[in-house]
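Peer 1: Each chain, written out:
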Amino acid sequence: MKTASRLKVDQRDAKLVMAHFYVAFISLAIGGMAGLLQVLVRSGLFELPAGIGYYQLLTLHGVVLALVLTTYFIMGFQIAAVSRTSGTLTAVQRKLGWTGFIIMTIGTAMAAIMILLNEASVLYTFYAPLQAHAVFYLGLAFVIVGSWFGSAVILLKYRQWRKENNKAVSPLLTFMAVVNSIMWIVATIGVAATVLLQLLPWSLGLVETINVGVSRTLFWYFGHPLVYFWLLPAYMAWYVIIPKIIGAKIFSDSLARFSFILFLLFSIPVGFHHQLMEPGIDATWKFLQVVLTFIVIIPSLMTAFSLFATFEGYGRSQGAKGLFGWLKKLPWKDARFVVPFIGMVAFIPGGAGGIINASNQMNQVVHNTIWVTGHFHLTVATTVLLTFFGISYWLVPHLTGRILTKEMNNLAITQGVLWFVGMTIMSGAMHAAGLLGAPRRSSFSEYGGSSVAADWIPYQVAQGIGGSILFLSIILMLYIFINLAFFSPKGEQDFPVGEAGHEAEKTPKVFENWKIWIGITVALILFAYTIPFIDLIQNAPPGSKGYKLW
Amino acid sequence: MHMHKFEKLWLIFGVASLLVFLSVLGVSAFHHGHHASSWSELIDPEKVDETEPFDEPGLKKVEGKDWDYELVFVASAFSYQPNEVQIPLGSTVKIIATTKDVIHGFQIPGSNINMMLEPGYVSEYIATLNQAGEFLVLCNEYCGAGHHLMTSKIEVIES
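Respectively, the protein sequence lines represent chains A and B.
So in my numbering, the last one in the first sequence is 550, and the numbering has no gaps at all.
So in my numbering, the last one in the second sequence is 159, and the numbering has no gaps at all.
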């Protein structure tokens, strides 16, 4: 791994990465503010000032956090990871990166303006036949296409590295970024298809009606791999970076690659588990995708094992005794470890909740209740986001030539703990109210004085309290980000990259045989989707015209 | 590729649990018939009011079927037809519902009745009502500005 030992991300690449991070953290500020207002409205104790709609705010919250913050952070992080482990980008690659950034940003601005003008209050899932302004869909198309440029940077750098190193086994972080980029490209074809071929012509009035079933199926073909696109960069940090931070070795390079390949294969042909309650899709095909959904749990089990094996192995090497003595040896005063660790812990209830959601008919109990909102605020909004924050705490100063001071480190730990407290209250109350039947994506309502709805209100007040604590944590995060970007003392902050242990065996070459992996990925998608998809087209009802009901 | 003995044990335990979960779901779905609503009967969303049985929303007694009543609902922004209905306790009811405009939800909190209503499709679910009292029907899929005000009421009464 000679070439992998370049220790610093080149300044020119760093600028590109930081550009992505600025957009990501501005999104955090806007989306966090929207989230705070939402929980306050839903507590029943607060009303929005005239002119702002609850669902307009909800659309803003979903789009800027779930789509913009995540995509920009991930694109930035992956470019940094590849630049650090496979070498500085070429001028052409960097230019491609900037082109992608500009296209995405134009798209984001278009979508944001339409949301602010109340022309696109369709939520971030934009289900037809609710019809937003054409500029909103066009903006989304720009974001997707822009992200393909960013993904191309990763793939081109990888190909170059392999060529220059006689097809040696690639650096682990680069390999992982490649897997996530391939998955992203394969998955976004679905959402690009519905946006460009269905929603855009329909909103422009070129066609009068839309096939709703096809549009939803294309969306969810993308919508589930989307959550793995968020998760895999967190796993990159857990597998490769966290071991280095605590002073340990990577548990197994081969198993890490194997789990990423499993994610590539099984993240995509599973979208029906978001459509279990809907007509037009045969129950057998739904069940088949439920089975495939369960297979994608296996690499997460592998990840959990590797992590805790790394932690325990490290603790014991430091002389820890007893069953859990190794826990005490972990660096509990290092924000780079503690903040992502809170994220890991959140993934235990988060993952278990996900298994419940995907459990076919069991989904009837929780589908579209606020339980689901509670679920993904544990997974994406805690596990993934706290890992991203944990990455920012060393990556931002690394890129800006500054350091994470002790003071900022302690503030960062406070940020993580506040998040844990706020999310436990908010997500806990959401899970509980959801089991009692409270719907998600709904403004405050007494449902005509219904007694069952009255039982939900105390939980909604609790969500308001938890959400307010989370907002404080966001303010802290933004303060630390600004400090690390502009004001922290100059210095050298390390970009930690772990290495496999000496006893580890050679990584099998088959992991880089993309013909096999992409081939199986496509075969699984065709197997899971072809027949039900043809059915949705052939046995389609008359199409739907557009509605603007907000 | 070498795998640690403990990791093998952990994965065997994990995969075995998943297989048990899936078997339970599979037997419940395919043997006991506990499927979520997956009907694929079609309807012209523009002509719901003229199409049977949606031309007469509400409760209808039926004979010679596995269920005692058919309960027909038509959803549109932001209400259900009927907006209130009474059903005798202990009866088995087939709920038949569709939407005239955008996607709506059909959920009865405190029960397993939860399905999506999509334009062009008829959604159906068979349930036995063995608890007396008032039940709220609500829309749980965002449908516009009045989404959270979209409700109906089912009263299960002892006859």
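Heads up, a few of these hints could be off.
Stated by the list, open to error - Covered stretches of chain B (in silico footprint by chain A; criterion: 3 or more residues with CB under 8 Å from a CB of chain A, positions within the stretch not fixed):
# : stretch
1 : 2-15
2 : 41-51
3 : 139-148
4 : 153-159
As the list claims (entries may be wrong) - Computed beta-carbon distance windows for the label pairs:
# : chain 1 : residue 1 : chain 2 : residue 2 : range
5 : A       : 99        : B       : 84        : 18 to 28 Å
6 : B       : 12        : A       : 327       : 17 to 27 Å
7 : B       : 41        : A       : 327       : 31 to 41 Å
8 : A       : 117       : B       : 159       : 28 to 38 Å
Claimed, not checked - Here are some of the chain A residues that sit facing chain B, going by a computed Cβ distance under 10 Å:
#  : residue
9  : 25
10 : 29
11 : 30
12 : 33
13 : 36
14 : 129
15 : 213
16 : 254
17 : 305
18 : 364
19 : 367
20 : 513
21 : 514
22 : 530
23 : 533
Don't read these hints as lab results, they were simulated from the structure.
These numbers come from a predicted model, not from an experiment.
Positions of the beta carbon are idealized from the N, C-alpha and C atoms, including for glycine.
Peer 1: Look at each hint and say if it fits the structure.
Peer 2: Cross-check of the supplied hints:
Evaluation of the coverage hint for the stretch 2-15 of chain B: fulfilled, as 9 residues show C-beta separations to chain A shorter than 8 Å, against a requirement of three. Only residues whose beta carbon comes within less than 8 Å of a beta carbon in chain A count, and the stretch 41-51 of chain B has 6; three or more means the coverage holds. With 10 residues having a beta carbon nearer than 8 Å to a beta carbon of chain A, the stretch 139-148 of chain B meets the requirement of three or more and the stated coverage holds. Here the stretch 153-159 of chain B counts 1 residues with a CB under 8 Å from a CB of chain A, which misses the bar of 3, and the coverage is violated.
For the pair residue 99(A) and residue 84(B), the beta carbons lie near 59 Å from each other, so the given range of 18 to 28 Å is not met. A hinted range of 17 to 27 Å holds for the C-beta pair residue 12(B) and residue 327(A), which are about 26 Å apart. Under the hint 31 to 41 Å, the C-beta atoms of residue 41(B) and residue 327(A), about 57 Å apart, miss the expected range. Taking the beta carbon of each, residue 117(A) and residue 159(B) are about 54 Å apart, not inside 28 to 38 Å as hinted.
Checking residue 25(A) against chain B by beta carbon gives a least distance of about 28 Å; that is not within 10 Å, so the hint is violated. For residue 29(A), the shortest C-beta to C-beta distance to chain B is roughly 25 Å, which exceeds 10 Å, and the interface hint is violated. A distance limit of 10 Å between C-beta atoms decides the matter here; for residue 30(A) the minimum to chain B is near 20 Å, and the interface restraint is violated. The interface hint given for residue 33(A) is violated, since its Cβ lies 21 Å from the closest Cβ of chain B, which is over the 10 Å cut-off.
This hint is violated: residue 36(A) has a C-beta 19 Å from the nearest C-beta of chain B, more than the 10 Å allowed. With a least beta-carbon distance of about 5 Å to chain B, the hint placing residue 129(A) at the interface is held under the 10 Å criterion. With its C-beta approaching chain B no nearer than about 7 Å, residue 213(A) sits inside the 10 Å limit, and its interface hint holds. At about 5 Å, the closest approach between the beta carbon of residue 254(A) and any beta carbon in chain B falls short of 10 Å, and the interface hint on this residue holds.
For residue 305(A), the suggested interface contact is upheld, since its CB lies about 5 Å from the closest CB of chain B, less than 10 Å. Look at residue 364(A): its Cβ gets to within about 5 Å of chain B, closer than 10 Å, so that hint holds up. A least Cβ separation of about 5 Å between residue 367(A) and chain B falls short of the 10 Å threshold, and the interface hint therefore holds. Taken as an interface hint, residue 513(A) does not check out: its beta carbon lies about 14 Å from the nearest beta carbon of chain B, beyond 10 Å.
For residue 514(A), the interface hint is violated, the least distance from its beta-carbon to any beta-carbon of chain B being 18 Å, above 10 Å. For the restraint placing residue 530(A) at the interface with chain B, the shortest Cβ-Cβ distance is roughly 17 Å, beyond the 10 Å limit, so the hint is violated. Interface restraint check: residue 533(A) against chain B, minimum CB-CB distance 13 Å, threshold 10 Å, status violated.
When the structure is compared with the earlier hints, violations turn up for hints 4, 5, 7, 8, 9, 10, 11, 12, 13, 20, 21, 22, 23 and for no others.
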